[in-house]
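Both chains come to you apart, so use the hints to assemble them.
So you can see what is in the structure, the chains are spelled out below.
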Amino acid sequence: MKLFSFSFLIFCLSATFAQAACYADYKAKQDNPLRLHYGVTEVRGDCSVATAEAQLRDSLAHDGWQLLNVLGVFDESGLEERRDSAGEFYLRY
Amino acid sequence: MSFTSATESREIGNRIVVAGIAAIVLVLGVTAVLLFMSLPDANAFNMRVERLFVENDTLTGNAEIKLLEILAQSGTAFSDTLASYRFVIFVLLIFATALLVTAVAFLVMLIALNRRMGRIERQGIEVNSLLISRDQKSVYLNDFEFKLTDAALETLSVLAEARMDDEVLSGAEIEGVISGRDPSDCDEAAGATRIKRLRDTLGNQLVSELLIKNIARKGYMLAIDKNVIKMV
Numbered sequence: 001m002k003l004f005s006f007s008f009l010i011f012c013l014s015a016t017f018a019q020a021a022c023y024a025d026y027k028a029k030q031d032n033p034l035r036l037h038y039g040v041t042e043v044r045g046d047c048s049v050a051t052a053e054a055q056l057r058d059s060l061a062h063d064g065w066q067l068l069n070v071l072g073v074f075d076e077s078g079l080e081e082r083r084d085s086a087g088e089f090y091l092r093y
Numbered sequence: 001m002s003f004t005s006a007t008e009s010r011e012i013g014n015r016i017v018v019a020g021i022a023a024i025v026l027v028l029g030v031t032a033v034l035l036f037m038s039l040p041d042a043n044a045f046n047m048r049v050e051r052l053f054v055e056n057d058t059l060t061g062n063a064e065i066k067l068l069e070i071l072a073q074s075g076t077a078f079s080d081t082l083a084s085y086r087f088v089i090f091v092l093l094i095f096a097t098a099l100l101v102t103a104v105a106f107l108v109m110l111i112a113l114n115r116r117m118g119r120i121e122r123q124g125i126e127v128n129s130l131l132i133s134r135d136q137k138s139v140y141l142n143d144f145e146f147k148l149t150d151a152a153l154e155t156l157s158v159l160a161e162a163r164m165d166d167e168v169l170s171g172a173e174i175e176g177v178i179s180g181r182d183p184s185d186c187d188e189a190a191g192a193t194r195i196k197r198l199r200d201t202l203g204n205q206l207v208s209e210l211l212i213k214n215i216a217r218k219g220y221m222l223a224i225d226k227n228v229i230k231m232v
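In order, the protein sequence lines correspond to chains A and B. Anchor point for the first sequence: position 22 equals 22 in the numbering used here, and the numbering is continuous, going up by one each time. Anchor point for the second sequence: position 110 equals 110 in the numbering used here, and the numbering is continuous, going up by one each time.
Treat the hints as calculated values from the structure; they're not laboratory data. There could be a bad hint or two in this list.
[To be verified] Below are the DMTMM-like pairs computed for lysine to aspartate or glutamate, each with C-alpha atoms no more than 20 Å apart in a straight line:
1) B:Lys147 / B:Glu188
2) B:Lys66 / A:Asp84
3) B:Lys226 / B:Glu209
4) B:Lys137 / B:Glu161
5) B:Lys66 / A:Asp31
6) B:Lys230 / B:Glu121
7) B:Lys213 / B:Glu161
8) B:Lys66 / A:Glu88
9) B:Lys147 / B:Glu209
[As the list claims (entries may be wrong)] Listed below are several chain B residues computed to face chain A (Cβ distance under 8 Å; list not exhaustive):
10) Asn46
11) Val49
12) Phe53
13) Val54
14) Asp57
15) Thr60
16) Gly61
17) Asn62
18) Ile65
19) Leu67
20) Ala72
21) Gln73
22) Thr76
23) Asp80
24) Glu145
[What the hints assert, rightly or not] Some chain B residues flagged as far from chain A (calculated, every beta-carbon gap over 12 Å):
25) Gly13
26) Gly20
27) Leu26
28) Phe45
29) Met47
30) Glu50
31) Thr58
32) Leu68
33) Ile89
34) Asn128
35) Gly180
In this text, a Cβ means the ideal position worked out from N, Cα and C, and glycines have one as well.
With the rest of the complex left out, here is chain B (with noise of 0.2 Å):
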């Protein structure tokens, strides 16, 4: 139940996050082609420059156009400048377009680890790593090491190895692995109790490291913040 409304939770939020860098490269987009076009034709100068040489037939003079010419060139020139700026306005558009995307982009992460915390906050304890050191007799659930017998350290393995193939093992299955006989001539019961050895150890073990804490020649205390404890 929980997982359908995680899965559909997470396409909602996909759903969101295209949304909102389709409408970040879309809002950008209009402004790029409304700024490009408000931007004065590089030309514009010139065209003014030849409708003043045009309409003014007293305009004639040697010197007058020469003025005429020279301002029509310091137009020339501001245009060059003109194009520089289309340039830097492009290069901040993109600029812009990438920190709203990326900044999206986090919130939505944001808000998917917020909720991954607080599932892991109910859950208690959430399995990152599983790593079985023969040698040690040891296995490491996240950081905490329990130590365990031989006997529960092989259940662990067989069911370890189990998972990773995406099987599940009878009790009959087990005990068969272990013993290196065939299923049918196991009994389910051994498997069982092997399994509930393992959970006793292991067990036993998470509980005092997670639960119920012992300090050293002092006593015992749960290892659990006091603000959360409520009776009723």
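For reference, chain A alone in the conformation it holds in the complex (with noise of 0.2 Å):
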């Protein structure tokens, strides 16, 4: 019963994971002077390309930048790896 639960709850846990880990990296720009930065951001509901572009173009804006491209979409397993590339801009868009 005690395993059972436990492995309910990793079970839990990963789909709660599989379904909220989608995350993207994308590159943006600022003009005069221009400015570039590299970014992970986590990608909120449908996990494609697409999605990434639209909801960073608008979060990237407020800030003054201009969205350039989105690499991909990867899982969380792709995190670690791209912390020390992004930087500042890990995660905060």
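Next comes the structure, spelled out in structure tokens:
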């Protein structure tokens, strides 16, 4: 019983993670003077590049950034390797 | 006849001047447009860096991005230089236009002057100034001074005043003005005599000044260049 509940917990957690854990990395810029950044963001909803683009465009524009492109989507296993590159823009938007 | 041709040539000259200046302005204007268009856009460098950044998926490191930004900034610094170049080119083009326009104007002026000089040389004497000095009883034609008798001076003054009013006087009218009588009472021949006397005194002095010189205690000599003399 205890084992069962534990495995159920794991299952539930992994299920929630499987649904929520969608991330995208992107490139953005600012003009005059030209500033560039590479960032990682969490994608809410459908886990696709198009969703990530739509979602990023607004939040980036709010801070004066312009989205250049979204490189791709990935789950949490790809997070750690991108943490250093993204720097201050790691999961910021 | 020569008057019409002179007017025509002046009109042609004016047309040439206008056409020349228009051509210069046009050519330099086109040059300016082409130059400004061929100058690279100040943003070109930024756009290159941006494309580099987008096209290379591996360029994501912090240090690499910083490097790209520095590249772009040096490009922006260069674009300031470009702006100053643009200004310098603009100023130089304006200078060039002004110089060429003056050159054309001077060229045409030179041609006109040459023609006029030629005409003057053929005409012999062209009167540029006529100054009648009553107290010195003399008349100055250009730089030549001629002594006149009172009567001749009077006739010349009457003629000069009539010329200023663009009037033509008959002999009787001349006599009438000088003697103060009504022209209808005057004899045509009296005025003609006055004109003849004026011509004689003035013509005599003119010829002696311009053609037959009297060298004191030596004799007489033609006051012309010996190369222009031809015997037929």
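- Could you check the structure against the hints above and give me the numbers of any it violates, in ascending order? 1, 7, 19, 23, 24, 28, 29, 30, 31, 32
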